[in-house]
Structures are given as C-alpha cells and as structure tokens.
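Here is what each chain is made of, one letter per residue.
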Amino acid sequence: MIDVTALTRTYGGLRAVDDVTFSAQPGRVTGFLGPNGAGKSTTMRVMVGLTPATSGSATVLGRKYADLPNPGREVGVLLDASAQHAGRTGRETLRVAARTMGLPMSRVDELLDLVSLTGTEAERRVKNYSLGMRQRLGIATALIGDPEVLILDEPANGLDPAGIRWMRDLLRGFANKGGTVLLSSHLLHEIEVIADDLVVIGQGRIVAQGTKAELLASAGTLVRSTAIEELAQALEQRGVTAVASGRDALRAEAEADLVGQVALAAGVPLTELRAADGAGLEEMFLELTADTSREGAAA
Amino acid sequence: MTATTVEDLDRAPARAARTAPAPIPFSRLMTVELVKMFNTRAGFWLIMSMAGTALIATASVILFAPDSAMTYDNFGAAIGVPMTLLLPVMAILSVTSEWSQRSGLTTFTLVPHRGRVIRAKMVVAIAIGAVSIGVALAIGALGNIVGSAIAGVDTVWDISANQITMLVLANVLNLLIGFMLGVLIRNSPGAIVGFVVYSFVLPTLSMVLGNFQQWWEDLRPWLDFNWAQGELYDGQLTSTQWAQLGTAGLIWLVVPLAVGLVMVMRSEVK
Ligand SMILES: Nc1ncnc2c1ncn2[C@@H]1O[C@H](COP(=O)(O)OP(=O)(O)OP(=O)(O)O)[C@@H](O)[C@H]1O
Ligand SMILES: [Mg+2]
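Chains as they are written, first to last, in this note's numbering: chain A, 10 to 308; chain B, 3 to 272.
By construction, these hints were calculated from the structure, which means they are not laboratory data.
Note that the structure is a prediction, hence the values are computed from the model and not measured.
Do not rely on the hints blindly, as some may be mistaken.
Computed footprint of chain B on chain A; a stretch qualifies when at least three of its residues, placed anywhere within it, have a C-beta under 8 Å from a C-beta of chain B [said to hold, decoys possible]: (1) 58-68; (2) 85-94; (3) 273-280.
Backbone N, C-alpha and C fix where the C-beta goes; we use that ideal spot for every residue, glycine too.
Please work from the sequences and hints to get the whole structure.
This is the structure:
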C-alpha cells in the first residue's frame with residue numbers, strides 16, 4: 010500500500026513533480042507511466058526519502074518511509090541498477106543488504122538463484138556486470154527481505170526478452186499473493202502487459218489514472234471482420250456503441266474482451282481485434298511524449 | 003493484455019497481515035560498515051598497503067639506519083608516516099564511496115537515517131584506526147627486537163605509554179580530518195585532494211603568513227590546527243596547549259564536520 014498526497018518537488022523554477030496524488034493498492038500492479046523527464050524517478054526517490062519533498066507527503070504501508078523500523082523487510086526498492094559499488098562482487102553486494110536487514114546469509118544464495126545469476130557471475134565485481142546483470146542484482150536486493158511492497162524504477166531496462174517475461178511473471182505472482190507493486194516505465198506497451206492500474210504522468214503532473222480496463226476502454230477497441238454489418242448489429246444489441254472505421258472495421262467503445270465475446274456469440278469471424286489506436290490513452294501518451302520530446306520537430 | 007487480467011483484477015489480497023520487523027540496532031550498522039570497508043577492491047588494498055608499508059618501513063630501518071638509530075622511537079616514526087596518509091584515505095573512502103560509487107542509494111534506502119549511518123562509519127573508522135596503530139606499533143616492536151639483535155646492540159624502548167597515547171590520539175585526529183572532508187565534500191578524488199591541501203598546503207601557507215604577519219604568528223598556536231596537532235607527537239601537552247588544540251580543532255574539524263552533516267541530511271541522494 011502506497012499513498013502519495015499532493016506531492017510537489019521543485020528544482021529552482023522547475024516543478025519536476027507537481028501536486029501528484031495517487032495510491033498503489035495491495036494485490037495489484039500499478040504502472041507509473043510517463044515520458045522521459047516526466048518526474049517518475051523523482052517521485053519514487055521522494056517516496057523512499059532520498060529526495061526531500063518540497064511539499065506534500067508519501068506513505069508506505071501507512072507510515073512515512075523513514076519511520077519504517079527495517080525498511081528492507083517491508084519495502085523492496087530498485088531505483089537505479091547502476092548505483093552499486095563497482096569494486097564489490099555481486100554476492101558481497103547482496104550480503105551487505107542481507108546483513109543490514111538482519112537476514113541469514115542463506116538468503117543470498119536463494120536470491121542469486123531466483124534472479125538467475127550463476128555462482129561465477131556472483132563472484133565477479135559489479136564493475137564488470139552487464140546492464141541486465143546489474144538489473145538482476147538490483148531486483149535481488151529489492152526482493153531479499155521478502156517485502157510486501159515493491160517500488161521499481163524501470164526494472165525491465167536492459168533485460169533480455171526472457172528476462173522481461175520472467176520479471177512480468179514474478180511481479181504478477183507477487184501481486185497475486187497480496188503484495189503491492191509500483192513500477193515505472195516510459196513504454197506504454199511494456200506496462201500495458203503487466204499493470205492492473207495505471208498512473209500517467211507528464212511534465213510533473215498526473216494526466217490520467219485508473220484501472221487499465223477503464224483507461225483502455227475509453228480508448229475503444231478496433232475490430233475488423235469480413236462480416237462487418239452483422240458484427241455492428243450484434244454489438245448494438247449488447248448496448249456497445251461502435252462506429253465504422255474504414256470499410257471493414259469498427260471502433261467499439263468496449264474492451265476487446267467483450268467485443269470478442271459478442272463476436273463469438275454472434276458467430277462472426279474476426280480478422281483483427283485490438284485496442285484502438287489514435288484515441289484515448291495511447292494518443293494522450295504520444296502527445297505527452299511529443300510535447301517533451303527531444304526530437305521536437307518529429308511531432 | 004493477457005487473458006488472466008480480468009480475473010486478477012478481482013483477486014483479493016491473500017497475504018496475511020504481518021508483524022512489523024524489529025528496528026535495526028546500531029551494533030548491526032557498525033558491523034555492516036566494517037564489512038563494507040574490507041569487501042571492496044579499494045578497501046582491501048588499502049588495508050593491505052597499511053600492513054605492507056609498515057613492514058617495508060621496519061625493514062628499511064633495519065637495513066639502512068645506523069646501529070645507534072635502532073630504537074623503538076625510530077621504528078615507530080618510520081611506520082607512522084604512511085599511516086598519516088592511509089588512515090585518512092580509508093576514512094574518506096568509507097564516506098565518499100556512498101556518493102562517488104552511488105551505493106548510497108541502497109544504503110540510505112535500507113537505513114533511511116543518514117545520521118546513524120554516518121555515525122556508524124565514524125565509530126568503525128576510529129576503531130580501525132586505533133587497531134591499525136596498535137598493529138603498527140607491534141610490528142615496530144618486533145623490528146626493534148630483530149634489528150637490535152642483528153646489529154648486536156641493546157634493544158632500546160624509548161617510547162613511553164604517554165607517548166603512545168598521544169600518538170594514537172594524533173592519528174585518530176588525522177583520520178577524523180579525512181572523515182570530515184569526506185562528509186563535507188562527498189566525492190572521493192575531491193576529498194583526497196582536499197586532504198592533501200589541508201595537511202600539506204595550508205600549514206605551509208600558515209607558516210609563510212606567520213613569517214610576514216606578526217598578528218598571525220601570535221595567533222597561530224590557537225588557529226593553526228596542524229601546528230596544534232604537532233605538539234601531540236612530542237608527548238606532553240601543557241594545559242595551554244590542550245586549549246590551543248581544542249580551539250583549533252573546533253574551528254578546523256568540529257565546525258566543518260557539523261556543516262557537512264547538515265548538508266548530508268539535506269542533500270538528495272541520486
Ligand atoms: N537535481 C536536479 N536538479 C535539477 N533538475 C532536476 C534534478 N533532478 C531531476 N531534475 C529534473 O526533474 C525532471 C524529472 O526528472 P525524473 O528523473 O524524475 O524523470 P523520469 O520521469 O524518471 O524520466 P526518465 O523516463 O527519463 O527516467 C527532469 O526534467 C529533470 O531534469
Ligand atoms: Mg527515471
């Protein structure tokens with residue numbers, strides 16, 4: 010459980026985080042989405058007390074982070090996988106964390122195993138780690154205390170496809186067991202796959218939040234069929250508004266799930282079924298990205 | 003958008019309420035900081051070089067010093083010289099690596115009380131300093147016995163217990179200067195350069211200034227920390243000299259350390 014209330018952090022004239030309010034619930038994965046420089050990392054740093062807030066507050070498990078007696082046992086944090094002592098081996102890095110939390114050293118091997126770092130890799134110094142290996146070590150550090158809350162800043166960075174898949178399953182399992190997960194990303198599609206709830210931030214301000222279902226529903230579903238007339242009729246009967254989108258496609262204001270069920274019930278063959286683009290979340294996100302885009306003119 | 007999503011949304015939290023873990027005791031923080039000083043490459047070689055230079059210094063006295071110089075005092079002095087640089091560097095790195103290596107991101111999230119972490123580091127640094135000097139004196143004593151035996155002269159024990167106390171104190175003060183610069187500057191190369199300036203450049207400037215300005219020459223014992231520290235190596239301090247050490251130490255060590263600590267508490271760790 011994470012609660013952020015009216016959080017603001019300024020740097021000189023820049024409002025890096027501007028009156029941000031949201032919460033991340035237990036049992037759910039909350040995606041914190043925003044383009045580069047939107048204020049995701051800053052918000053997360055304030056949450057764990059590394060950056061003082063200008064105003065507003067953040068609590069984890071109902072308490073200020075600094076008031077947690079042994080934070081590592083309750084909150085797993087990964088803010089920057091590269092922020093590890095280069096001259097320490099991976100295993101020593103984990104041992105330091107385990108020791109600080111008062112855990113038995115056997116946890117170190119369990120976690121190395123969990124994140125698939127081999128014995129020889131664990132003996133290497135972090136300086137010689139690849140980005141993906143650092144990320145795995147960072148995830149191990151976050152998980153070693155068996156926390157109930159996870160705060161992860163772009164944890165998929167540098168992971169290979171199998172690693173991304175593995176992490177997705179790990180976070181899903183963590184939430185299913187009642188844990189709270191907050192993870193940030195600047196990639197809509199990455200977060201769409203894993204998150205239950207979304208908080209979208211742009212230029213320090215929250216621009217949208219809600220369950221993924223709500224946010225995507227407002228974007229509508231694009232459905233393509235060879236029997237478009239029948240499908241439109243079936244959707245209408247179910248009370249779903251749908252408008253034509255080209256010759257053989259409809260944009261339905263419902264989730265793909267429902268549209269698929271309607272089509273199945275009506276016995277209509279589909280050639281395509283997906284979240285509609287050019288509307289709702291994706292469009293908003295692209296706009297956000299374009300506004301702050303370093304490529305500027307491209308938008 | 004996997005097929006399981008809808009069902010997951012409705013799933014009730016299954017995790018049972020847990021009891022809050024016990025707070026982290028200070029003794030554990032000290033253990034952690036002690037381990038952290040040795041388990042990096044830099045830390046390991048720093049400790050090794052302390053032992054190494056102590057042995058080299060002892061061997062040099064035995065090999066090159068005249069028989070008459072085969073005294074404990076000389077062994078101690080030879081070993082003490084590298085210590086005056088290595089101990090402060092160790093103290094500096096114990097603080098600055100959290101920023102320069104960015105490991106502070108983890109350290110200060112696992113222990114969100116920076117003051118406690120810095121205090122643990124300071125206690126550990128002082129303890130390591132005291133032990134190192136003890137070991138160095140023991141190596142020196144061994145050298146003294148071996149050296150005088152080889153030279154065939156009487157073994158001379160010309161360091162009093164009081165001198166040893168002062169020696170330890172001087173080295174701990176020196177180490178604390180490094181620690182203070184680490185806290186104040188929070189950058190490894192910067193703090194080491196700072197230490198060199200503090201220990202070698204400032205005293206020279208002070209001396210030069212004293213040669214030209216009588217007012218500074220008069221105030222120097224009170225304001226020049228290096229000067230005041232120098233008295234420690236001579237063993238006995240008068241109460242005036244203690245007061246001078248205290249005054250200069252307040253200005254050059256305690257105040258900057260306090261300023262550094264305030265900055266550490268307020269700064270962002272990133
Ligand atoms: N110490 C600082 N001084 C000045 N500006 C800062 C500082 N730290 C962050 N900022 C600014 O705050 C804004 C938010 O940065 P932040 O790192 O939180 O973005 P982000 O959402 O994590 O982006 P990314 O996806 O690239 O990681 C940026 O404009 C950044 O330049
Ligand atoms: Mg970021």
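Worksheet item: Hint numbers the structure violates, sorted upward?
Response: 3
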